[in-house]
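Trainee: Spelled out from the first residue to the last, the chains are:
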Amino acid sequence: MDLDVDQAVVPDPAGGSSSAIEVYSCCRGILFVDGDPALVLHAGKTAWLEVAEGEHRITFEVEGLRRWEANVTVAAGERVYMKPRRRDDF
Amino acid sequence: MRVAVLLIAIVAACASSPRRDEHGGLPPSAGQDQHPCGGTGGLGGKLEVTQSTVLDPLGGEDGAIDITSCCRGVLLVDGEIRLRLNEDKLASLDVSAGRYRIALEFEGLRRYEVVVRVAAGERVVMTARR
Chain P
5 MDLDVDQAVV PDPAGGSSSA IEVYSCCRGI LFVDGDPALV LHAGKTAWLE VAEGEHRITF
65 EVEGLRRWEA NVTVAAGERV YMKPRRRDDF
Chain Z
1092 MRVAVLLIAI VAACASSPRR DEHGGLPPSA GQDQHPCGGT GGLGGKLEVT QSTVLDPLGG
1152 EDGAIDITSC CRGVLLVDGE IRLRLNEDKL ASLDVSAGRY RIALEFEGLR RYEVVVRVAA
1212 GERVVMTARR
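These protein sequences, in sequence, are chains P and Z. Add 4 to a position in the first sequence, counting from 1, and you land on the number used in the working numbering. Add 1091 to a position in the second sequence, counting from 1, and you land on the number used in the working numbering.
Chain P with its partners taken away, still in its complex shape:
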C-alpha cells in the first residue's frame, strides 16, 4: 500500500522568522530530513521540527507502507504542514 502526503504552508504561529516542518501522521513511522532520521511519528499525533530555511529532502518511512520522498522548500517564517496518510484514507 502506498503513502500520500498532503501539504500546506502556514505562517509561523509565533510570528517569528523560524522555519519548521510539522507533521500529523496517520501511522507510526520516522521522518527523515536530508537523509537523517529527525522525527518520530505516532499515529494520530502531531510532531514538529525546526529546520534551516531552504530546500530539504523529506522522506517518510511509515510502518508497512511504501517510502514517500520529495524535496520541500521551507521559507523563513513559514511552517510546512504535512499530513501523511494511507492512499485509501480520506
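Just so you know, these hints were derived from the structure itself, not from any lab. Just to be clear, a hint being listed does not mean it is correct.
Capping the alpha-carbon separation at 30 angstroms, the derived lysine-lysine pairs in DSS-like fashion look like this [stated by the list, open to error]:
1) Z/K1137 <-> Z/K1180
2) P/K49 <-> P/K87
3) P/K49 <-> Z/K1180
4) P/K87 <-> Z/K1180
A few chain Z residues that face chain P, going by a derived Cβ cut-off under 7 angstroms, partial list only [to be verified]:
5) V1145
6) D1157
7) V1216
The following residues of chain Z were derived to be distant from chain P, with all beta-carbon distances above 10 angstroms [as the list claims (entries may be wrong)]:
8) G1136
9) L1149
10) C1162
11) G1170
12) S1187
13) Y1191
14) R1192
15) V1206
16) V1207
17) R1208
Backbone N, C-alpha and C define an ideal beta-carbon position, used for all residues, glycine too.
Based on the hints, put chain Z in the right spot on chain P.
Mentor: Relative to chain P, chain Z alone:
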C-alpha cells in the same frame, strides 16, 4: 618433514577461520559487514547498514528499533527472529532499554551483525542497503 608440512597446514587453516566470541557467535562488526553468510544463501553481496538514534518524546521507559531495508529478510534480536523485513518498508520493534545483538539476514547477501544500545525514550533507526 611430512610432520612439519602437516603442522604448517593446520596452523594456516586455524588462522583463516573467523574468531568467535565466548558464546561461540561471531563478533559484531562496527559498521561494514565483515562476516561470512550464516546459512542465508550467501552469494556474497555486500550489505551497507547505517544506524542512528532519534529521541521519541512519547517513548516513555521503552525504546524501539526501526529498520528500513532494501530487501526481504529477517531481523534477529539476540538470536531470535523478531521482524520480517520487506523491500523499502519500515519495520519497528518495541524493546526495553538495554543492549541487544542485532543480526540482519537477507537472501543472497552476507549476514550483518552489530550490538546496539537502546536507551529509554530513544529509537535506533537502521537503514540497510545493498
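Trainee: Determine for every hint whether it applies to the structure shown.
Mentor: Results of checking the hints against the structure:
1. Z/K1137 <-> Z/K1180: At roughly 20 angstroms apart (the allowed maximum being 30 angstroms), Z/K1180 and Z/K1137 satisfy the hint.
2. P/K49 <-> P/K87: holds (10 angstroms)
3. P/K49 <-> Z/K1180: Holds. P/K49 to Z/K1180 sits at ~21 angstroms (cutoff 30 angstroms).
4. P/K87 <-> Z/K1180: holds (18 angstroms)
5. V1145: The hint holds - Z/V1145 has a Cβ within 7 angstroms of chain P, the shortest such distance being about 4 angstroms.
6. D1157: With a closest approach of 6 angstroms, the Z/D1157 hint holds.
7. V1216: holds (4 angstroms)
8. G1136: Since the minimum Cβ distance to chain P is about 21 angstroms, Z/G1136 lies beyond 10 angstroms and the statement holds.
9. L1149: violated (6 angstroms)
10. C1162: Z/C1162 clear of chain P: closest Cβ-Cβ about 14 angstroms, beyond 10 angstroms.
11. G1170: holds (24 angstroms)
12. S1187: It holds; Z/S1187 is separated from chain P by about 17 angstroms at its closest Cβ, greater than 10 angstroms.
13. Y1191: Nearest chain P Cβ is 18 angstroms from Z/Y1191, so the label holds.
14. R1192: holds (22 angstroms)
15. V1206: With a cut-off of 10 angstroms, Z/V1206 remains clear of chain P, as the shortest Cβ separation is near 20 angstroms.
16. V1207: Fine: 14 angstroms to the nearest Cβ keeps Z/V1207 off the interface.
17. R1208: holds (16 angstroms)
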